[in-house]
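Dock chain B against chain A, hints included.
Same order as they appear, the protein sequences are chains A and B. The first sequence lines up with residues 1 to 452 when you count with our numbering. The second sequence lines up with residues 1 to 318 when you count with our numbering.
You can take every hint at face value.
Residues of chain A clear of chain B, computed beta-carbon distances all greater than 10 Å:
hint, residue
1, P33
2, I188
3, H339
Straight-line Cα separation of at most 30 Å, DSSO-like style, residue types lysine-lysine; simulated pairs:
hint, chain 1, residue 1, chain 2, residue 2
4, A, K247, A, K201
5, A, K261, B, K163
6, A, K201, B, K163
7, A, K277, B, K163
8, B, K163, A, K203
Calculated from the structure, these hints are not laboratory results. This one's a predicted model, so the numbers in the text were calculated from it and none came from an experiment. C-beta: ideal position from N, C-alpha, C; glycine also.
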Amino acid sequence: MTSGISRRDSLILGGAALGAIGVPIIGARAQAPTPSDVPMADVKPPEFPIEKGASLHVIRPAKFIDPDQVYWDINTKRFTETTGIPVSVNYISWEDLRPQTAVIANTGAGADIVFGWAIDPFLYEAKLVGMNDLAEYLGKKYGGWFDIARLYGTRWKTNYWHSLPIGGGTGPTVYRISWVKQAGYDKIPNDLDGFMTLCQKLKQIGHPCGFSIGHAVGDANGFCSWALWAHGAEVVDPEGKVALDSKETVAALKYVAELYKYMIPGTIAWNDSGNNKAYAAGDISLTFNGVSIYYVLKNSPDPTLQAMAKDTMHQAVPQGLAKRSPMTAGPMNAMLFKHSKYPNAAKEYIRFLMEAPQYGPWLAKCYGYWSEPLKSYAKMKFWTEDPKLAPYANAMDTIYYDGYDGPITAAASAVVANYTVVDMFAAVATGNSTPQSAIRTAVRQAERYYKS
Amino acid sequence: MDATVQTIATFHPREDGWFTRLFDWKPFLVALCMLPAAGLLLVFLTYPLGLGIWLAFTDTTIGQPGHWIGLENFISLFNDSVFWMAVTNTIFYTASATVGKFALGLWLALLLNHHIPFKAFIRAILLLPWIVPTVLSAIAWWWIYDPQFSIISYVVVNVLHLKTNYIDFLGTPWHARWSLVVANIWRGIPFVAITLLAGLQTISPSLYEAALLDGASGWQQFRRITVPMLMPILAIVLTLSILFTFSDFQLVYAITRGGPFNTTHLMATLAFQRAIDGSELGEGAAIAVSMIPFLVVATLVSFFGLGRRKWMQGEGND
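Chain A on its own, in the form it takes in the complex:
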């Protein structure tokens, strides 16, 4: 499959793939032009002497939008043409990725590089090749790393890079301009009381907001984390002790309980696609989501949906009591396993993907779906050409993450996966529990994860 693909073959393959998809690109040349809108310093790349007969096997998350896969494949083919190293890329569904990563880590076989999620780099740190040389080079060349990229790429409170952040996805406010204007606002208020009043007015005009508080792994956790952080509450303190039992948490619970009254009914039964469906049907006017809603509307052949896309705007989530907008951006990190026979080839592949001629077009055509971890890429033209993409441009410029503000450990993921915080909010919002008893339950569950 991956052995014996000559330069000529990959050119033909590339041409065929492009022809089939019909996406216009500059041509499968070995040297692509460098984008002019990415400022970069003149830094010599580190030397990775490529092993003889190298070939790479890579796995990464499956695409949600087509350009993600198309441009990744184009970049990979260009790498093969330039270096002669065949690379096979497997796109794995999101739910299967973490168990597969675990198998690869434990058996020492399978992929060389895994582009994975969440705290997996921390779990398998001992099995990963250090990335300091690549990380320092890229940081120097492209203006430095954003905070959350550094947080997820390095061992807690050290300068040791165990993995390389490739990009992150975030969920700002997505809203209908005309309906928000009808409710009497030009933009989304940044304070909590203003936001509540806006949502109240939106319900009065018959276009309510909607946020999932059901078992939606992305949306519900995102919304409930925002509620906590915007009130100054947190799950864990910097020492790693569960800090949910506070008056800030009670305030957050009461806030969401009141907000629930102004939401469209039934959001407790929403999974991750619930708000997408409702927004596209014109049932809700406001929600928190990634760029997928806007992207689908904009690229739809249906003129009604295109009109909705024109009427859609994004804004960073309300700050509330936090010092900066409390959005997090779940990063995807490149993990190079020690069991790989060709670590130099692998590092060269990752370096190649992150360089401007490859990364720039991929980032731009993904249209805000991915946000960059390196500061220079925030200056690309496409971010400002469509003003609706503004909140995604600096998505990784955040200090908030799952399990804020404690150390990044497996416990943080377990809390998210078991919906500890989400269930706490859901119980109070539906009136099934008082804030105090919901907090007690959540604290007990969180402590079970954090103590081990």
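Only chain B this time, still in chain A's reference frame:
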């Protein structure tokens, strides 16, 4: 030797080699023939079961090997209110779905036992809910129960104007539970109906004729002939149905994922959430292992409670 018979040649049967004798030895042949089946069972049934039970006594997570911790997982589950909610949910779900399936399945079987037009066609489409992959029918039910897009709500509100608000199928705990039970009953009726229909057809019509001659009413015929004759098959179907329903996963996972806030979690879905999503394999395995006592009790009750010897082996075996 007498003069009329001449010995031309004598046939000496060759001594059987050890190999031949081995293959003639019955115990060996039996073992050899059972080997493929036993091998499959061992690899695909015994090993995973044994591994699962062993995992329940360790603190294995996805990504790290675990150590033996004894009963610690079970003790922490004993104090976990979500676990007990999953247990009561599972018992409620199994009980109500089984009653529904059997009532409706038996009724359907009785109806189909008569000569009705298009009998063969109806029997064939009756099987559809069972054949359609559960995940697909679960997603269809998910749409039917959707808070904004439910077809039932649409008909009730927009067409018949009986209500003003869309029906909340999955937003409150008891609504969600009953909605799932209904979906499960819909899916499970064919299995019960077809099996009971097969059982009904083995009942000799001469029994009914004799009863009719004796002046028995329809109900008496049902009670005195149909039910006792059906008992053996009923016991088996009941056991299987309880086993399948108790360990149901797909329906609940696809429709509610255990929500709203854990009130529709079954033991299987909770085990999956803890083990795979939450990476705590040991704890998930412990939840799965806790299902075993319930299933064993259910099987024993079905077999020995309902299966009196006469019923187990058919009438005439008193």
